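Protein chains in written order, with this note's numbering: chain A, 1 to 576; chain B, 1 to 1113.
Hints were generated in silico from the structure; no laboratory data involved.
Predicted, not measured: the structure shown is a model, and the values here were computed from it.
All residues carry an ideal CB built from backbone N, CA and C; glycine is no exception.
Check before you lean on any hint, since a few could be wrong.
Stated by the list, open to error - Far from chain A by the CB rule (all over 10 Å, computed), these chain B residues: (1) L420; (2) L510; (3) R549; (4) Y1046.
Unchecked claim - Okay, derived cross-link-like pairs now, SDA-like style, lysine to any residue, Cα gap no bigger than 20 Å in a straight line: (5) B/K744 / B/Q45; (6) B/K531 / A/A402; (7) B/K399 / B/D530; (8) B/K636 / B/K32; (9) B/K32 / B/L795; (10) B/K32 / B/K744; (11) B/K531 / A/S403; (12) B/K32 / B/Q45; (13) B/K531 / A/G378; (14) B/K249 / B/E48; (15) B/K744 / B/K304; (16) B/K304 / A/Q401.
Residues per chain, in single letters:
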Amino acid sequence: MTKRYLFGGILVLTLAACANPLDIANLNDPDRTRTFTNPQDLQVFISGLYAVAHQATVGGSNDGLQTQMAVMSMENVSGLANFAMGPRSALPRNAITNQRGSQGNAGNYNDWLRGHRAARQAALGLAALTNISLGSPAADARARLFCRFIQGVALGNLALAYDSASILTENDNPQADAAVTVPLSGYRAVMTAALGYLDSSIAMANANPTAFPFPVTANFWINGIGVTQAQFIQIARSYKARFRASVARTPAERRDVSAGGIVDWAQVIADANAGITANFEPQMDRLNGWDVVWFAQHHASAAWHQMSQFWIGEADTSGSYNTYLANTVPSTRTQILIVTPDRRFPAGTTRSAQNTNSPPSVGQPFANTPYFRNRPSGSDIAGDPLQVSMYDFWRGRAFQQASRVGRYPVMTAAEIRLLAAEGYLRIPTPNFTEAINRINATRGDTTGGNVNAKGFLPRIPLTVADTISVAVPGSAAGCVPKVPDAAQNYRGSRCGNIWDALKYEYRLETAYAGYGMWFFAGRGWGDLPQYTATQWPVPYNEMDARREAFYGFGGPGGAAAAAAGNYGLFQPGGVY
Amino acid sequence: MLHKCLKALAVVLLAAVVPVAAQDAILRGTVKSDRGDVVQVAAVQLPELNLQVLTGANGQYTFIIPGARVRGQSLALRVRSIGFKPVTKLITLNAGEQTIDFTLATDVNMLEAIVVTGVQEATERGKIGFDVRRVDVANLPMAASDPLRTLQGKIGANIVSGSGRPGTQPSVLLRGPTMLNAAGRSQDPLYIVDGVIVNGNLPEISPNDIESVEVVKGAAAASLYGARAGNGVITITTKTGSRSLEGVKFSARTEAGVSDIERDFGLARYHGMVTDETGSRFCQAVTGQPACARTFDYVTEQNKMNNDPGLFTPDPPGFPVDPGSNANGVAPGITGNWLRERFQIASWPGTAYNAVAQAVTPHPYMSNSVDVTGRVGSATRFYASATNLSEQGAIEFLKGFDRSSFRANVDQVIGTQWTLGVTASYARTSNDGANNDGGNNAFFRLTRQPALANDLARDTLGRLWIRPNLQGGGSQNENPLYSFANALRSDVANRFIGGVRLQYNPMNWLNFDANLGYDLRRTSFSQIQDKGYRTTLSDPNTNNGFIFRGGSGDEAVNGSINMRLRRDLSTDLKATVSARYLFEQRDAEQNTGQGRFLSVKGVTTLDNATQFLAVASTFSRIRQLSQFGGVTLDYKDRYVLDALVRRDGSSLFGVDNRWSTFGRVSMAWRASQEPWWFLSQVSDLKLRASYGTAGGSPRFSAQYESFAIGGGGILTLTTLGNRSLQPELHKELEVGADMELFGKYGITATYARANIDRQILLVPVSSSTGYQNQWQNAGALLNITHELALNIPLLQGRETQWSMNLVYDHNQSWIARLDVPPYFYGPPQQGADAMFQAREGERVGTFYGRYFLRACRDLPASFQSDCGGANSSFQLNDEGWLVWVGRNHTPGDGITSNLWETQLPGAQSPWGVAVNWGMPIILRGNPNNQTDALIVPLGNALPDFRFAITQNFRWRALSLYALLDAAIGQRVWDEGFHWAHLDFLSHDVDQVGKTVESAKPIGYYYRAAPPDNGNGLGGFYDILGPNNFSVEDASYAKLRELSLSYHLGRVGGSGDWDLSVSGRNLLTITGYRGFDPEVGIAGGDGASRAINAVDAFVFPNLRQFTVRLSTSF
């Protein structure tokens, strides 16, 4: 008996010593088993989540929706085929389909995948936190509220862009079954979930003051910002304001809920007023997961980008914008010199003067004026006659020259402030004073120590209480902005009203700073060219994975196609 | 029992070594060929006595058999030599001397040749149930720079030199694609060099060392090699002293020549820009001013831009009509639509250059080798060599490929039962230019150089001009030669391959052998752009310098222990039983570092970089264990049945599927050896059939769940793990026949049908998982192959010999089953990444893209009645494209009737999309949106068939050798040509020489009409992806090798000299418009240049002319 036990013991030891030689560890890539069992690794996983979510919007890839949205909303002008800019900028607008092989699929899938990835990782992080502590209640609370925040941000961005998405929770993906497929929900349900997650994160932040400030650990949390409790709540509420207002697909949806819309503008006002008061600008570092790649290269060749003179022409006081609009032969339209008192443009009445007064070649701080450069004529290129201009967005130049390392706003204070302004105009009882003050904040001069002043345009009087018939100050020739006039069949301009002034400020202040700024606002304002798709279908990769049929949006006769836009954009008989 | 065995073994051993005094038997003779030449180094064997001698320089042999073994017995005396049929004579072995001469007949079909690949032991081809191609050194009269190029046209396989950059390895498809997704793997066969399973990278092996190459092409033959052999096996055997005469023989060879590039890309020679009335000054775009209110001199501006002392050039003056980017026909001060008005017919003022001619500069080719072969006694044989190759290519400023290699192979017989073989080789290689091979690098920019661009010009500081092209387009217009000269890339590899083989033959019916192989490859690579690197636009990242350095190590060990038992089960039935155990381990690691913003100019260490420092590394280990057993039954030397089973365990398979089983059954029937054989014309016929399975292993990471560690340490979910992942399973049936007609004409025909199941695909998973994809077994390919080889000795006189060989193969590969929805895929090159479609029933390699109409039937039905007639609205133009011309016009009326700027409105046009006069029309009609262009098949990247014809002619001392290698029916997406249309820089845009009827405005070559792109007019540039204008027939026939040799014999009383002049890739017969129809890019799912048939800015293949002098003594 003893011998039998001895032999058995030796056999067991021998077998134990002989590990299966075919079991080779993958030492190159982490996995859940390793990452979620070590508190420090789990913290790395969670604290990198904002970078992951950021990569679903303006960070990391040229081939994302941002590139398409910019040309669809005429924030950027390029007919190059790259990144589907050509197809998306075509007039009349094409449909966007999610069929395999459709142009722009890569960009469609880029944001979809990364958005869900961020939301899923946040959910996984929350699930992992039920099994493991990061070392202190404060650390655990910080991680949990951060995960909730990311769930809200990621799902909110998905709800802005796509007709539907998956609402991911920490309960629908137990670690034993990573491959679970969560059903798709419509964008309004997804946005409701996103806002709920943001509310949850705010509540957790309020309940856990010791969770703040966020560590300033390079590349993690909000890179470069030791976010305080107050700042976190401001940021989260700003996202809420952006999401709640921007989710609307049409002017009807963007109306206040009291007027049959889907936007509770009172809530937007509340969130915006509690939101950021300075630009939210994390530290970017393109090699370390924090990048703003597309915006930043907008100083490159005019073939890739230029500002649309249809929009920026609104600043002109020389009459050239009128001449441009009056030209009924689109193919003969040419670039116009925009002479304007608005300091966000280079000063001067000649091109050479404006060349001289443009930002320096190396760029300048983002906040500085002018925002745009009048490029040397030798760098002009032939292009779309409707939109080509001699102006380039130049605020990102210094950032790009610094190899895309440095601060860059992903959300501007002006955006949030102007969302509140819009809310004040849309609530059942408009508050013109509050709205005008917010519009004047960037429009006007520095009277009263207004540090946000950029435009140095005449302030809109606080006495204005009319959104339609009262024009902004200035003569017929000297007012800014001017907008194409329906009464002239858009062949000439009129002085803009308070709405036009709000939109003008919004466009100038949010250009190339934030995810889909002109596009999401433009669809709700009715400022997209006719037939522009107002949202993206779920990408074909996902439809394939789910074995569901393809579909599309936009284009003549298509679903979710923008109606004829304001300013004659661009129905037959209009400016097209 | 063990005791008895040992005792028996001792008796046998003693019997072998103890001398017994008795009268010896002596056998002598001479071995000659059927042409009367003596045959040196023929093996003369007495198999029953396990004895063998080799014939000497005079073809004579001598056996001295100790008297103790002489018993008057009947024995078979057998003679065999490579290239001849063996002859066996029955003799009676008596004491005393006998003279027995032999005459060997040429083995036309090589059926008697001994092969070792795919078989359980060295076997005559005539007894193998599948096809083993064998190429001997005699069939390799011209050594190319690497072994695979040397094999082109000789083995009936698709070997594609997709890049002509010296040192690159061609891609090989032995029988078509076997993997739908080979990313991180390879479609290439398994390479074995002297028994060592090597890690590819064959350019580090000197072709001069090759003795023979054997090829088995599919699972029916390659089952022996198990889970890695689905793509077939190429076995390279290097030279040994086995055929040496007693003593030492030295050989030396030197070959010198020059490389260049046969064909031109075809850049435009004219321009369509706006000039003043003299044509010498270009109009400048000035807002608000007429088109030519201001003009400038191009060359003056070139000088001004490029002589700027800064690191980037200032902005040049703008052109009102600027071929370069985003053109829509509207230009300041230009009335009308210039894209439809202007014709590219204007000569450039001043000196015209050809950028291709400036980039292509013939560089020397030099190869030197010495070797020594010998035999010491009957026990020791050796071969040693040293070679050096310098292939400098043909691109200005690049140095090309250098290889220094050394080899020593030794075989040592120990006693009568042991044989030890040792092989060792070392090579050091270096090459450059990898940074400019493909993508948006120098060869891309080369297609953006107008004739006025002098790419060799230097500024006053001695710097190459960075911007000789002043048109818009930014960095894509940079001088390509600047990159060659200043973006310095170096890749250095050190390679050791060694093997030890030990054989033990204790008895005639039993032997053992053990092999141990080792392959170590260490590389280092660097890319330096020094501080001060110029650009066309300010770019601190680039201007301040860049350093990238790294190294990699690949180490492979494989070993096996084999046992074979041979028994005669009856007089006519012989059996061989084999068993083998194998172990294999492969390690791969890579480490890289990089940084920008150099502190000091001229310092190339990484610590000189101050910003954007980044490091990366990977390590993988793969382990495989295998057991193998097999049996071969040989009945009457006519019926041979072979069966084997192999069980492989691999660390690459999912943890729940660590082991897989492969196997084979094959049969060979020597029908012509039947007593009843009645077809005397068919002097030899072997019918064969084999069914076997083999595997395709996953990439290292496939089974694992993985998070990506992004920059800064950010973790992202990427790939779901798969515990159930299995190897791909290749199941192949191969049948064929080997025939010899009239005793001289050899024919080999093979049919193979392979089903490659369990395709390992990267399957997208729902993004709601957070992961992107998972590797799954999810489909099957079907490959059908027909192969034919002819060997035709036309003349076989003593002084004049002329023979011809032909190899032909036809392969098609379909996706037989796809367990995931269809998807598009392609190589990682912009525009090409979705050019193939994976869907059930589709042929692998089918291009998909947009289609310009070529026939009336392409129009919607309601338009077809107004098409094709002399007065119809839609007619074919002189180039065969269907265009709208309007009623009562012809496609030649554009200029004479001033029609080019007219348009058919959308409401009256096919699919509701307006078409412009005379311009190509895109096929539309997407069911979901009629205006959407359709994506349709455009032909296949793989050839319909291939053939190669070899001619060998010898008259006395003069020899002529030629190899014509052809691939027919394949298509290539000529992306370089396609994209050059953006700048109107492809030669077809030039209209000089055309008539007013046939000339086309530049818009004809530009973009498709709306709604696909807002600025469209025509036209062939279209979108960035393929279309039926740029996916073109790339059939070709190449004069691959040509050599004229003269055997000088002894010179000055010493040596045995040969003098040759040779050429490689001398002439390409093709209608293809790019540099070379033999082209492709690496990467992507196809992972093979033979599949990724995209002509996208790679080095063109080299043409070489050399003179070779060789001698031996």
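Can you give the numbers of the hints that this structure goes against, from lowest to highest? Numbers 5, 8, 13, 14, 15, 16 - these are the hints that the structure violates, sorted from lowest upward.
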